[in-house]
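Trainee: Residue strings, one per chain:
Number of protein chains: 2
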Amino acid sequence: MIPYSRMDRSQLQQELDETRRAYDACKARGLKLNMARGRPAKAQLDLVSDILTVLTDGDDCIVDGVDARNYGVLEGLPCAREYWSDVLGCKPEQTFMGGASSLTLMYDLISKAYTHGLPGSERPWGKEETVKFLCPSPGYDRHFRITESFGAELITVPMTENGPDMDLVEQLVKDPQVKGIWCVPKYSNPDGVIYSEETVMRLARLQPAAPDFAIMWDNAYCVHEFDGEYVPFPDIISLCAEAGRPDMVWEFASTSKITLPGAGISVMASSEGNIRYMSKLMAVQLISYDKVNQLRHVRYLKDKAHTLQIMQRHATVMAPKFRMVLDMLQKHIAPLQIAGWNSPKGGYFVSLNAMPGTAKRVLALCAQAGVVMTDAGATYPYGIDPNDSNIRIAPSLPPVEELEQAMEVLCVCLKLAALEKLLDT
Amino acid sequence: MIPYSRMDRSQLQQELDETRRAYDACKARGLKLNMARGRPAKAQLDLVSDILTVLTDGDDCIVDGVDARNYGVLEGLPCAREYWSDVLGCKPEQTFMGGASSLTLMYDLISKAYTHGLPGSERPWGKEETVKFLCPSPGYDRHFRITESFGAELITVPMTENGPDMDLVEQLVKDPQVKGIWCVPKYSNPDGVIYSEETVMRLARLQPAAPDFAIMWDNAYCVHEFDGEYVPFPDIISLCAEAGRPDMVWEFASTSKITLPGAGISVMASSEGNIRYMSKLMAVQLISYDKVNQLRHVRYLKDKAHTLQIMQRHATVMAPKFRMVLDMLQKHIAPLQIAGWNSPKGGYFVSLNAMPGTAKRVLALCAQAGVVMTDAGATYPYGIDPNDSNIRIAPSLPPVEELEQAMEVLCVCLKLAALEKLLDT
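Residue numbers (this note's numbering), protein chains in the order written: chain P, 1 to 425; chain B, 1 to 425.
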């Protein structure tokens with residue numbers, strides 16, 4: 001195999017013919033495989049389903065004098081707040097317990113910023129003429145869509161191997177219309193980047209013109225290593241406080257990929273002032289999120305150390321899948337020099353950059369061959385990748401043998417789309 | 001005992017002296033009792049805590065080909081939607097499953113009306129100059145507070161024994177700024193009124209000027225009889241459709257007072273068009289509410305018939321408490337003719353109307369004697385009862401013996417405040 005760039009036209013034509021035959025063979029297999037979303041596999045769910053039996057009778061539900069079964073305790077059970085403070089490195093008073101979805105907490109925060117404003121807001125964001133939001137890209141489509149759904153103008157900030165391009169971020173926040181930034185600081189979605197110490201410090205020391213600028217710190221993969229040792233992370237809340245802007249950051253996390261995605265617990269963490277402010281607004285909206293499930297999780301996960309042990313069990317399922325993806329790319333694509341990709345040690349994705357101008361075509365080809373992937377462009381604001389290049393691979397759901405088939409298809413499609421492009425057919 | 005109105009001044013003075021002594025004796029007991037909120041008692045929670053063990057391993061969580069443990073199925077498990085359609089009398093496609101709190105679903109609906117509008121809205125409510133909302137009163141403080149928190153102007157509509165004063169409602173909805181009405185159609189909070197057939201029909205046939213007028217139909221006590229037979233209720237969604245405004249009503253219910261208040265499931269029901277509209281907005285906010293808990297509830301509650309059996313078990317705990325409240329009022333207050341009250345057969349409250357101008361004083365006296373009640377005024381918009389008369393008694397939480405003590409205190413305080421008022425001391 002030689003790089004396509006070194007092939008002449010007739011060699012490319014021959015390669016195209018062969019690849020078309022290979023693609024037709026793929027289609028003939030009648031596959032139905034899904035690598036679209038970062039869903040844990042059934043094997044992972046089975047690993048943690050003993051959580052279903054940690055609370056078996058009424059008295060199990062009484063903790064620190066509180067009956068978790070009854071109404072009350074808006075901010076969540078104290079033991080659950082302590083659990084998350086242990087995991088995140090913040091204080092229990094800096095946490096607010098959510099339901100099964102941290103996305104809902106993020107949405108609620110942005111929604112309330114629009115209707116009521118955040119601490120420091122001169123007016124609710126809904127009363128501003130223009131609200132702009134920074135979107136490090138490639139990034140998480142659901143983040144971008146939250147701010148888009150409220151009419152914010154999304155500004156793409158390129159991701160680097162150390163996190164968002166901070167020179168650009170520091171420039172952009174001088175605009176008072178820029179109200180916040182979406183961040184996934186550890187194993188970023190989809191690049192798998194861990195923000196460098198310098199990036200984190202520069203974020204904590206940002207001097208945005210907007211007094212209510214919000215760093216949306218989605219620590220979704222805070223304990224989600226599948227390869228190698230646990231990588232510690234700094235407490236962003238302390239760092240912002242030390243830098244003199246204690247209210248600038250809102251952190252989020254959940255057990256969706258620790259216990260059960262459809263039945264986990266989530267947390268929002270921020271300065272005590274911010275949590276008090278949000279609690280007051282949240283008190284209008286609910287009595288409390290599900291406290292029995294909070295207690296079930298605390299009893300099951302115990303603390304950070306024990307949670308990391310559980311994550312090692314997940315790693316035994318996850319690691320072979322990522323290895324399969326990377327091995328297939330290395331074997332079938334690397335020699336051709338038509339795409340690049342990262343090799344993450346945690347998180348849920350492999351971020352693949354196909355030959356510019358081919359990502360949509362690759363995924364359309366995949367879909368026709370029965371392999372569903374995240375939509376091309378999804379990792380960019382408004383679903384538009386200016387280079388039509390980035391493809392998010394989510395290898396967690398299929399078993400390894402299915403994944404191998406799916407990756408075979410993907411590799412054939414990457415080649416086919418590149419050849420079509422090079423030959424302008 | 002003779003009515004206070006027939007006592008002369010010296011008799012009243014003598015009664016005041018005696019009542020003050022009785023009150024001091026109450027205070028001396030050092031009670032600490034709570035009748036503030038409609039919280040189920042521990043005995044009720046214990047009755048239903050076998051719900052904790054209906055799902056004990058991973059395979060229990062797979063239903064109709066869906067793994068409830070994993071992501072997905074935004075609108076909720078089909079079996080959960082069928083369960084609620086059975087209870088509410090609507091279609092499964094007309095339901096959307098929420099988390100532990102129906103209040104959150106109501107808040108979300110109003111919040112989205114403000115930021116995005118409802119089907120039929122000319123613009124989001126947040127862009128309207130004025131939004132007015134009808135509040136049948138006495139009513140539920142948390143309802144009123146939701147609309148208040150978004151800046152709506154709350155308009156009091158008097159409650160009658162048949163529901164809201166419909167003559168007035170029909171007049172008020174001619175104003176296009178009037179965007180909706182809060183309703184608790186069965187065992188209304190706090191009056192325990194079941195809306196009459198005529199009231200329900202007139203609501204369904206409303207012709208509001210606002211194209212996006214919303215009947216907020218909080219069916220919180222739909223199966224919550226504690227005295228006598230289950231009372232059937234009509235499907236408001238069909239009635240609105242038959243009357244030509246299928247999108248006018250949004251119904252809400254939950255298992256908060258069927259299973260566990262701190263860990264139940266909730267539902268929103270409306271026209272299929274409305275549910276589609278909301279699902280599209282909710283898709284930005286979450287992947288799904290807790291589906292394992294949905295399945296746990298469906299397996300435990302089974303269907304409407306079985307749910308009604310469970311409600312009879314709750315009734316065995318609830319009925320003696322309501323009897324105690326009503327007996328105490330009948331014995332100590334009725335002969336004095338200083339207050340009136342309802343005698344509900346379901347729901348969670350006794351609505352007491354003290355001598356006008358004394359409710360705040362009564363509750364302050366109660367608090368000083370260690371008995372906490374819902375704040376005076378709470379049952380009216382902005383927390384202001386124009387007559388300073390309505391008191392909401394929530395007898396469910398304390399055991400009967402404590403309740404008797406609390407009611408003794410309340411009766412003494414009702415007398416004391418009335419006497420102070422009559423003697424203008």
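In case anyone wonders, no lab produced these hints; they're calculated from the structure.
Fair warning: there could be bad hints in the mix.
To give a feel for the contact side, a few chain P residues facing chain B, derived at Cβ under 8 Å [stated by the list, open to error]:
| # | residue |
| --- | --- |
| 1 | Met-1 |
| 2 | Ile-2 |
| 3 | Leu-33 |
| 4 | Arg-37 |
| 5 | Asp-46 |
| 6 | Asp-64 |
| 7 | Ala-68 |
| 8 | Thr-104 |
| 9 | Ser-111 |
| 10 | Ile-146 |
| 11 | Ser-288 |
| 12 | Tyr-289 |
| 13 | Gln-337 |
| 14 | Tyr-382 |
Backbone N, C-alpha and C define an ideal beta-carbon position, used for all residues, glycine too.
Trainee: Take the hints in turn and mark each one as holding or not.
Mentor: Okay, the hints, checked on the actual structure:
The beta carbon of Met-1 of chain P comes no nearer than 38 Å to any beta carbon in chain B, farther than 8 Å, and the hint placing it at the interface is violated. At its closest, the beta carbon of Ile-2 of chain P sits 42 Å from a beta carbon of chain B; the interface hint therefore is violated under the 8 Å criterion. With its C-beta approaching chain B no nearer than about 16 Å, Leu-33 of chain P sits outside the 8 Å limit, and its interface hint is violated. Hint on Arg-37 of chain P holds. Least Cβ distance to chain B is approximately 7 Å, under the 8 Å limit.
Checking Asp-46 of chain P against chain B: minimum C-beta separation of about 5 Å stays under 8 Å; hint holds. Evaluation of the Asp-64 of chain P hint against chain B yields a violated restraint, the C-beta minimum of about 14 Å exceeding 8 Å. Interface hint at Ala-68 of chain P: satisfied, since its Cβ lies 6 Å from the closest Cβ of chain B, which is below the 8 Å cut-off. Here the hint on Thr-104 of chain P is kept, as its CB sits about 5 Å from the closest CB of chain B, short of 8 Å.
Nearest Cβ of chain B to the Cβ of Ser-111 of chain P: about 6 Å, under the 8 Å cut. The hint holds. Of the supplied interface hints, the one on Ile-146 of chain P holds, with its beta-carbon coming within about 6 Å of a beta-carbon of chain B, less than 8 Å. Taken as an interface hint, Ser-288 of chain P checks out: its beta carbon lies about 6 Å from the nearest beta carbon of chain B, inside 8 Å. Annotation: Tyr-289 of chain P was flagged as interfacial toward chain B, and the flag holds, the nearest CB pair being 6 Å apart, inside 8 Å.
The interface hint given for Gln-337 of chain P is broken, as the beta carbon of that residue sits about 36 Å from the closest beta carbon of chain B, more than 8 Å. Interface restraint check for Tyr-382 of chain P: the shortest CB-CB distance to chain B comes to about 14 Å, outside 8 Å, so the restraint is violated.
Going through the hint list in order, the structure does not satisfy hints 1, 2, 3, 6, 13, 14.
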